[in-house]
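**Student:** From first to last, the protein sequence lines are chains A and B. At position 13 of the first sequence the residue is numbered 13 (the working numbering), and the sequence of numbers has no breaks. Plus 210 on top of the position in the second sequence (first one is 1) and you've got the working numbering.
Hint data in this document are derived by calculation from the structure and do not stem from the laboratory. Note that CB positions come from ideal geometry on N, CA and C, so glycine has one too. Check before you lean on any hint, since a few could be wrong.
[Claimed, not checked] Estimated spans, in silico, between C-beta atoms of each pair:
1. B/Pro222 to A/Gly143: 29 to 39 angstroms
2. A/Phe180 to B/Ala227: 53 to 63 angstroms
3. A/Pro69 to B/Gln246: 33 to 43 angstroms
4. B/Ala227 to A/Arg165: 51 to 61 angstroms
5. B/Ser332 to A/His88: 46 to 56 angstroms
[Stated by the list, open to error] Listed next, the stretches of chain B that the computed footprint assigns to chain A, with coverage defined by at least 3 CB atoms under 8 angstroms from CB atoms of chain A:
6. 242-255
7. 327-334
8. 343-356
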Amino acid sequence: MPVPGHLNFYIDPGRCIGCNACVLACTECDSHKGQSMIQLDYIDRSASPQTVPVICMHCDQPTCAEVCPADAIKRTPDGVVQTARKPHCVACNNCVLACPFGVPKMHTAANLMMKCDMCYDRSSVGLKPMCASVCPSQALFFGAADEIAAARPHSRAIDAFQFGRQSITTKVKIMVPADFEPDALDVTAALAGPSADLIMDNLCDEGEGQ
Amino acid sequence: MSDPVSDQITRPPDGRAPEEQPRWRQDFPIDQHVEQYVTRREFTKFMVLTSVAFVVGQFWIAAQSLLRRKESAPGLEIARLADLPVGGSLIFDYPEPGQACILVRTGEREAVAFSQLCTHLSCPVIAQADQGRFHCPCHNGNFDLATGQPLSGPPRRPLPRVRLEIRGEHVYAVAMEGMAV
Numbered sequence: 001m002p003v004p005g006h007l008n009f010y011i012d013p014g015r016c017i018g019c020n021a022c023v024l025a026c027t028e029c030d031s032h033k034g035q036s037m038i039q040l041d042y043i044d045r046s047a048s049p050q051t052v053p054v055i056c057m058h059c060d061q062p063t064c065a066e067v068c069p070a071d072a073i074k075r076t077p078d079g080v081v082q083t084a085r086k087p088h089c090v091a092c093n094n095c096v097l098a099c100p101f102g103v104p105k106m107h108t109a110a111n112l113m114m115k116c117d118m119c120y121d122r123s124s125v126g127l128k129p130m131c132a133s134v135c136p137s138q139a140l141f142f143g144a145a146d147e148i149a150a151a152r153p154h155s156r157a158i159d160a161f162q163f164g165r166q167s168i169t170t171k172v173k174i175m176v177p178a179d180f181e182p183d184a185l186d187v188t189a190a191l192a193g194p195s196a197d198l199i200m201d202n203l204c205d206e207g208e209g210q
Numbered sequence: 211m212s213d214p215v216s217d218q219i220t221r222p223p224d225g226r227a228p229e230e231q232p233r234w235r236q237d238f239p240i241d242q243h244v245e246q247y248v249t250r251r252e253f254t255k256f257m258v259l260t261s262v263a264f265v266v267g268q269f270w271i272a273a274q275s276l277l278r279r280k281e282s283a284p285g286l287e288i289a290r291l292a293d294l295p296v297g298g299s300l301i302f303d304y305p306e307p308g309q310a311c312i313l314v315r316t317g318e319r320e321a322v323a324f325s326q327l328c329t330h331l332s333c334p335v336i337a338q339a340d341q342g343r344f345h346c347p348c349h350n351g352n353f354d355l356a357t358g359q360p361l362s363g364p365p366r367r368p369l370p371r372v373r374l375e376i377r378g379e380h381v382y383a384v385a386m387e388g389m390a391v
């Protein structure tokens, strides 16, 4: 049974308060067996408490599935990219390295990649994913497009991204300010910032010490 | 759906048509429903090959049965008939060592043999030919000498019978009744 077509998953990263409720709720999903398939990332820990929930964007051309040598990652007809299938996954970490959004995570104890599957056993029958059902600030929103448009008139949803030469369209949408024009993301830009400066300073200090 | 390749919803990154994709991409599609799709040709091939395998298997079993039937079992020589008086009994192992059986000569050229283990609690039975029975002294159970059926006492199941052949002056055990050779 496919996910109802009128229901979409929206991420509004600016609304995230870092409470970790989504990470804990993910473990409660029936098919996740107590393992959280999502994580919370800090944008720039030394400069800001801002966090971003990292859930799978469910790309139209999933890079993780493209690079998987064991044919372990599959996509359902309604566009949900499933987590790795246990009999197939060989824990090679290709998907962890390849995903432009940094979503797949390797569970080394289980030798298995686990990533967000949009709580497919719930969303396929019209229920919200566990993370969206517990998010107190609704940074994770699962519902109809007109519903979120009415609730947040100053934001709009985007689902197209540019990573260098790679163009990606996703099933999950990100809410951005209405007047925001996305640029191509320079993945090396993250190396120039307060955290990067601290890292470089430490390296220089160690160098001077030697 | 008529053609699973064209029904793929995940487009390859290079944007070329599905027919132009390499073979490995067709054999290992990312779309779940394409992978699970079984064409009519594949289904028919599977059914035909499976049926052929079953038929061949049946013929093989029949051939093995014919071969097995031709080989008559030599049997185990138990005793010379003359060495045993009429009404006398003899203990022997059949079909495996340690499985005690009892042979009783009932006539000039007649004999019966049964497993010696009482079907109640596996005590050894003794032959009492003058009374026409096998007697189990443990719990006073009795079996008929000719058929092995229980006559009295706790046993409910008959003693397993050993099929005998008398060839010349010798008695051979050829089979345990109720068991495959």
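**Student:** Range first: 29 to 39 angstroms. Now tell me if the beta carbons of B/Pro222 and A/Gly143 are that far apart.
**Tutor:** Given range 29 to 39 angstroms: holds, Cβ gap about 32 angstroms.
**Student:** Closer than 8 angstroms, Cβ to Cβ, for at least three residues: run that test on the segment 343-356 of chain B against chain A and report holds or violated.
**Tutor:** violated (count 0)
**Student:** Can you let me know if the beta-carbon spacing of B/Ser332 and A/His88 is within 46 to 56 angstroms?
**Tutor:** Given range 46 to 56 angstroms: holds, Cβ gap about 54 angstroms.
**Student:** According to a criterion of three or more residues whose C-beta lies within less than 8 angstroms of a C-beta of chain A, is the segment 242-255 of chain B covered?
**Tutor:** holds (count 3)
**Student:** For the range 51 to 61 angstroms, tell me whether the beta carbons of B/Ala227 and A/Arg165 fit it or not.
**Tutor:** 21 angstroms, violated
**Student:** Taking 8 angstroms as the C-beta cutoff, is the stated coverage of the segment 327-334 of chain B by chain A satisfied by three or more residues?
**Tutor:** violated (count 0)
**Student:** Should the hint that A/Phe180 and B/Ala227 are 53 to 63 angstroms apart at their CB atoms be regarded as holding?
**Tutor:** At roughly 35 angstroms between Cβ atoms, B/Ala227 and A/Phe180 fall outside 53 to 63 angstroms, so the hint is violated.
**Student:** Just to be sure I understand the hint, the distance between the Cβ atoms of A/Pro69 and B/Gln246 should be within 33 to 43 angstroms; is that true here?
**Tutor:** About 21 angstroms separates the Cβ atoms of A/Pro69 and B/Gln246, which means 33 to 43 angstroms is violated.
The structure fails to meet hints 2, 3, 4, 7 and 8 from the earlier list, while all remaining hints are met.
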